[in-house]
Each structure stands twice: as structure tokens, then as C-alpha cells.
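Colleague: Chains as they are written, first to last, in the working numbering: chain D, 1 to 520; chain U, 521 to 859.
Please keep in mind that the hints were generated in silico from the structure rather than gathered at the bench.
C-beta: ideal position from N, C-alpha, C; glycine also.
Where hints are given, some of them may not hold.
What the hints assert, rightly or not - Partial list, derived from the structure: chain U residues whose beta carbon lies under 10 Å from chain D:
hint, residue
1, Ala557
2, Arg642
3, Pro646
4, His758
Unchecked claim - When the alpha-carbon atoms are kept at most 25 Å apart in a straight line, the in silico DSS-like pairs for lysine-lysine are as follows:
hint, chain 1, residue 1, chain 2, residue 2
5, D, Lys69, U, Lys619
6, U, Lys523, D, Lys103
7, D, Lys28, U, Lys523
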Amino acid sequence: MLEIVLTREDANTEFALLAEWLVEDRAKVELGQPVCVVETTKATVEIEAPGVGTIVQLFAEGVEVELGKTVAYVAESAEELASLEKDAEREKPAPKPPDTDRKATRKAADLAERHGVELAAIDKRGFITEKDVEELIARQKAAASPERGSLLAGLSTENVSLPASFDLDESAGALDPTFLESLRSDPGSFRRLSPEAKVSALRENGAQVGEGVVLGEGSLVAAPQVVIESGVEIGSRATINCAEIVAIGESSQFGADLELQCRRAFLGAGIWAGRSIRFGGGGHRDPWAVLTVGDLAFVGDEAFVNVCRPVLIGREVFLTMRSLIVTHNVGHSLLEGFENRFAPVVLEDRSQIGLGAVIYAGCRIGAEAIVASNSYVTSDIPAGAFAIGVPAKVTGSSSHKVSRARQTDLARRMIDDLHELLASRGHEVSAIDDGEDRGFEVGGVRVAFAPSFSEARPPSVVLTFELHGQPSEGVVVLDLLAREVHGSGGGEVLESVREFCRKRGIRFEPGPWRYQGGLV
Amino acid sequence: MSKRCVQVLNEALHEVFAERDDVYLLGEDILDPYGGAFKVSQGLSDAYPDRVLTTPISEASLFGVAAGMALRGQRPILEIMFGDFIALGLDQIVNGIAKFREMYDDQVTVPLVVRTPMGGRRGYGPTHSQSLEKLLLGVPNIVVVAASECHDLRELVVSAVEDERPVFLIENKLMYGRPNRRPEDGLIGELAVRESGARYPALTFSGTDFTEGTATIVTYGGMVPVVLDAVTELILEHEIFCEVVALSQLLPIELEPVFESVARTGALVTAEEGTLTGGFGAEIAARVQEACWSDLRGPVQRVAARDGIIPSARPLEDAMLPSAHDVVEAIVALEAVRS
């Protein structure tokens, strides 16, 4: 048995750093083979094996060792090794820390975990970023549903809530080809039908049309696949003409003079769209001319969305009056160096596009970002940003943090404003003030704000930030922060309060929902 | 696994000793079996006893003797045990070694190499831990080369010995024990690396294969691993991608790789282990703003040791010397300027 001892190299040193083991513990070593590196104040020394055998290390790397101590033994036979093993049990070198070499960024790892994808599936030189994971997710989605993937050409749907109709069967609402042909060759005869006759004609020929659907006089719906859910209203002279499919979710409303032309249109539920809106334009017959609009989106008067490449509009997006989205440009020859661009546009969930703003081909507007009126967007806008200008530049955040005290104050003011509004409309309103709670009574229903809610006397409509337990019968709770409606009853008062909240940007689940008129 | 830097340097010295018989090594405590304080010269005195000259403790005379040898056509290599002791030889350097060639109208050259370790983080105290290379940066007609663990150390030693000019090869105490990490398949770790074709090359690192970057960080020597750690943290934690230019030639100042990188990133941070005032970063900042004014979107940031005397106590030393965290903060400060 041989010993490896740290010898003293100079006079003024007591300890040395065992910087590195050059061989694994229990490795075979040769005479003169360097086995470890030791650093003292002035020197870095390699220590060599004193003979042939198996090394048994007594200290871990990175430890200060007193000079003169034995740091390892070299066992020259199996018996020696066995007896050393027994001793070493007591002073085992601390295990090496696990290999912490990371390739993936925190954002990438978090995203991969949220989507349950394996980072090992990314074969890439260098670091793995969030973008790489997004691309992997898009590829995996595309592989899982080839139809959908090829439809969007790998475009990421991260932060975009697609309408439910996006996953419709190939056969849903397939229109009789002869009927479709007659719609296309002689649209006038369909346009002349009454709204009821239009619905029944579509139904009889294979279209899937829900209850309470209104197809305004003079409107035209023509596509090989037509799926229109209940409560959809389409204005009087609207033209919907899609090369493959049009699907519209429940309670969506489109004003007069709508023009919707593209290859595939998937529109969500509860969409509200104004007058003289146009989807389509150049390239609307292109195979990639796909439009998706998420639930509860808002499209203002005279908005124009050019669809020759996919346009994804997320849930609760505001695309306000006269705003413009283009997916390609027209100009001089690309061979002479002029730009020729065809690219998709994505408006992620809850983003807002101001009056008259232009979103250029290839841009992605991040979730909850705001583009100010009359801005011209030529590059991606990150989530939560406020962008303004020509070209649009990020100048701040789209919202700011609100303290709980301020939230409470704002909620109380809402109740006061609603009280005042109802009174000014001539309703019998009486104030109630139960300590913390603030509210009023109208038509026999109490409307109150309480920061947290546990119980209330029916019939009540309670606005709150936190709901504990289930509201009792006849009590409806509007959770303002979670934006959810709990409980039933409340009738016209509830509907009016909900409409009042909607106008303050607070839209509740379950949605979509339509205000049928009432107190406000 | 890559060889450790001390071993690469040692092998390079053995190689130049074998190649040329006009190469000498002079220094304190360099004879075997001790082989120099950091063991870089180990084995040389056994192999070449006539050409390895151990000297008394007098750096001034050591520089003088070496200058004389170089003037007479030999290729002396000086090992100065600690870079701090350069100060003892400054008169020989400034008034002799740097000037002989011009004063004698190019009839002589002074092809000597001074090898010396700089840098702290070992608790060696005020006179054994400094990074004094900035004292040499204003001296005309000398070459200052800083080795880092990512450079081809063999190539630096061979080039320095072949150079007709006086070359100061600045090594680093922590570097000796670390592996010499050379690019493999164009990568060091996960960072893509480009090497300039210069005699003493600059390395440029990118986390995006040079497609985009938020800022350029220019550094050298012992700060290279610190900056690479910072850049890796910025990528992994924040997805902020910076380019790093690790210079080896500090003097004469050649900043083409820095200018190229700044053209891509639009911002610059300098990082050095020496004290801030009158340092490497100040000179680089002046030159980059002159050459790249239209590329810069914000002021050049400098990361350096706090002005002061380097303490012995490790925690106090850590507080004085620039860390990876300081580099991260400088980049974050730049981002704040940007928005």
C-alpha cells in the first residue's frame, strides 16, 4: 500500500488547495502518472502516483488540505484495496456536484415544462432558446395534426386562442356541390331570399346552421363547408365567399356591408364587428389565405384585413376602426431590389390595435400589447408593450400594476357610478352601506361590492375580488379579477351590471354573451 | 479533456528550446526540481542546463541583462515571478528596451520575451495580486500580449519568441490550473467562436452564431472566463445575447474585431481586472466612440476593479475585483439606457 502525501513546498504555507483530481476514484494508476493538482500560495503542483495500483481518494476536489496529510492511497493488491475500502467508508470524499452544464435558457426550460415537451428533442448547435421550443411545439402540433400544421405553415399559435371551429371535421357542414355551384353562378337569387329562407336553403343543402341565426337581406354565404352556430347575426348586404370553409361561433355579430373572402375562415364566438369591414383583398385565393378570429374579438368599422397569408387574431383582441392589416405588398420588381414580401400577421390574445393603425406583413403583436392609433407597425411588438409611432416603437407598457387598495377604490367607484347612472335613467335606487360593503338596491335586487365574498342575502348581485365557497340560490357573484360569473338569478339587474362592466373592459366567463337591453 | 494551461505553456517552452539554441530562460527560482513558482518552466533546466539561468532577486538587473542578450542576437525569455515586479524593471523597459531600436536607427532589435502572471482572486495581497499591464499600454514600440484560457497558448509563446520586438506575455495565475479550452467544431461550450487571423489573434464569441447581439464585451486575460460566465448567465437567465471579443494583443492596439462586433450589436462594455482609472477600458472607449459613433446607441460602459489597493482578505478582494455579476449589471444598465 502506497501513500500520496501533500509535502510542504515552501516555508510560509500551512494549507494547500486540492484543486483537481486528474484520475477517477478507484482508477488504476501507473508509476509517475499525475493524479492530482495542488495549489499553494505560490505554486501549482501536479502530484504523481508513487507506484502501480488502484487509487483510493480521501478528499474531494476544492478542499483545503493541511500540508503533510495523506490525500490518497494506492492499493497494490486486491486485499489492500478491500481493507482500504473498509476504512474509506468512514471518510468518503464528498460526491461531486451534479453536472450543471445547461444548454437551455430558463425561458426555454419553463416553456418546455408548461407544454410537456422534451428539450432533448431539439438538436441544435449552441443554446436552446424560447424560440427553439416554440418551433418544436409548433412542429409537434403540426405532426399531431398534419392538416392544421400545414394550414398555418408552422406559424406559432403561442398566446393565440384559436376558435373552437378550427378543429372542425373535414365533413362538417359540407354543402351540396350543385347548390354551391348555383350560389356562385347566380348569387343574386340567394341574395333575394328572406333571412329565414336563406337559413333553410343552407340547412337543406348540408350546411350546419344553429338556432336564431339571422342572415340579413341581401347577404350571401357561399363556401364548400358552412358552419354557423346559434345566435349569429350577419348584416343585410354582407358577402361571405370562402374557397373552402367558413365557420362562425355562437352569438357573433357582423354589421352590414361585411366582405369576407379567403380560403378558410374560422371565426370564434361572441365576436362583435362593425360596419363596412373587409377581410380578403389581393391573394385571398392563395392556399395560405387562412383567417382565424378568437372568441370575443372586436373589429371596428371599416377595418381592413388583407388575407393572402395566415392572419391569426386572438381572443379578446381589439382591432379598432379603420385599422389595416396587410400580408403582402405590391410594388416594383424584386429582381431590381424592391421589397417583395408575403408574410403572416399574428395579433396575440387581448392585444389592441388603435384607430387607423397599420400592421405590416410579418409582424406579430404580443399578448396584451397596445398599438397606438395611426401607428405603422413594421416589426414584432413584444407582449405587454405599448408601441406608438411611424414606424411604431415600444415606449412603455400597455398596463401598469394596480395595488389592491387602488383596485378596491376603483371597484367602489364603479358601484357609485352605476348607482348614479341608474338614478339618472329614472330607476328607483336606494343606497345601502354595510360597513365595508358599498352598494344599492334596485328592483328588489341588492347590488354591492365587497372585496371578498362569502355570503349575501338573496336576491343579490355581488361584485368581488375573491369568492369563498358557493354563492347561495338567488345570489350572483361577479369575480372582477378572475373575470368569472358564479351563481344564477339576477335577471335584468345582473345583465345590466355585466354590460356596465363590459364597457369598462371587464368581460366575464362564461362568454360569449349578449346584452339584450335592460336598465343601462 | 483539454490539457491544463500550465502544461501547454510548459510544452511550448520545451518546443522553442528544442527548435532554437539562441533561446534562454532567465528568472528567479526557475531551476528544477522547483521549476518556477507556477511550474511553467519545469523540466527546462534539466534538459537545457546551460540555457536556463536562475538569477538573484533583482528585476532591474534581470531586465538589463536580458536587454543586453537580445541586443547581441540572443532570444532571452524572462520569467518575472509576479507581474507586480514589472515595476522594478520599468526604467529598463521605458528608457532602454522600448527605445534601443529607434535610437540606434534600426541597426539593432531587442527580441526578448517577458512572461509574467498577473491577477488576483488568490488572496496574495497588495503586491502580488495586481493587474498592472495598463502601465505598459502607453509605452511605444513594445508588444503586450495577454494570454487567456481560450487562446492557442502554444502559438502565443512561439509567436512571441519569433517576434523581433520586445514582447510582454501576460499570463494569469488562475489560468495556469485551468484547461486550455480551444474551439471544437467552431464552439467553446455553447458559444460560437471566430478567431482573427492576426499574429496574436482576437477571439469573438457569440451565442447566436453572430446573427444578433445586444452588446459587445471586450476583454482579455483572466477576465475572459469571468465574462464568458456572465454572458452565459445573461443567455440562460434572460435570453440576452452578447458578443465577447477576447483580445490577446493589447499593444499595439488593434481593434478591428471590436469594431466589427460593435457594428452588429451597437453597444460596448469593456471588462478588465485592473483598476478603472486610466485603464484599458478608457483607451478602448475613446477609440471605439471615435470609430463607431454612428453604430453606438448608448455610452460605452466600463467594468474594472474599484480604484484602490488590492486587499489580502479574500472577501475584501472579491468586493474590489470585477465579477461576472458586475458584467451582467453593466449589460442591464445598457438595456436601461436603450429603453
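Colleague: Indicate, hint by hint, whether the structure satisfies it.
Modeller: Hints and how they fare:
With its C-beta approaching chain D no nearer than about 5 Å, alanine 557 of chain U sits inside the 10 Å limit, and its interface hint holds. Nearest Cβ of chain D to the Cβ of arginine 642 of chain U: about 8 Å, under the 10 Å cut. The hint holds. Contact between proline 646 of chain U and chain D, as hinted, is not supported at the beta carbon level, the nearest pair being about 15 Å apart and thus beyond 10 Å. The beta carbon of histidine 758 of chain U is positioned within 10 Å of a beta carbon in chain D (closest approach about 8 Å), and the interface hint is therefore held.
This hinted pair does not check out: lysine 69 of chain D and lysine 619 of chain U have alpha carbons roughly 52 Å apart, beyond 25 Å. The hinted pair formed by lysine 523 of chain U and lysine 103 of chain D meets the criterion: a straight-line CA distance of about 24 Å does not exceed 25 Å. At roughly 20 Å between alpha-carbon atoms, lysine 28 of chain D and lysine 523 of chain U fall within 25 Å of each other, so this suggested pair holds.
The structure fails hints 3, 5 (numbered hints given earlier, in ascending order).
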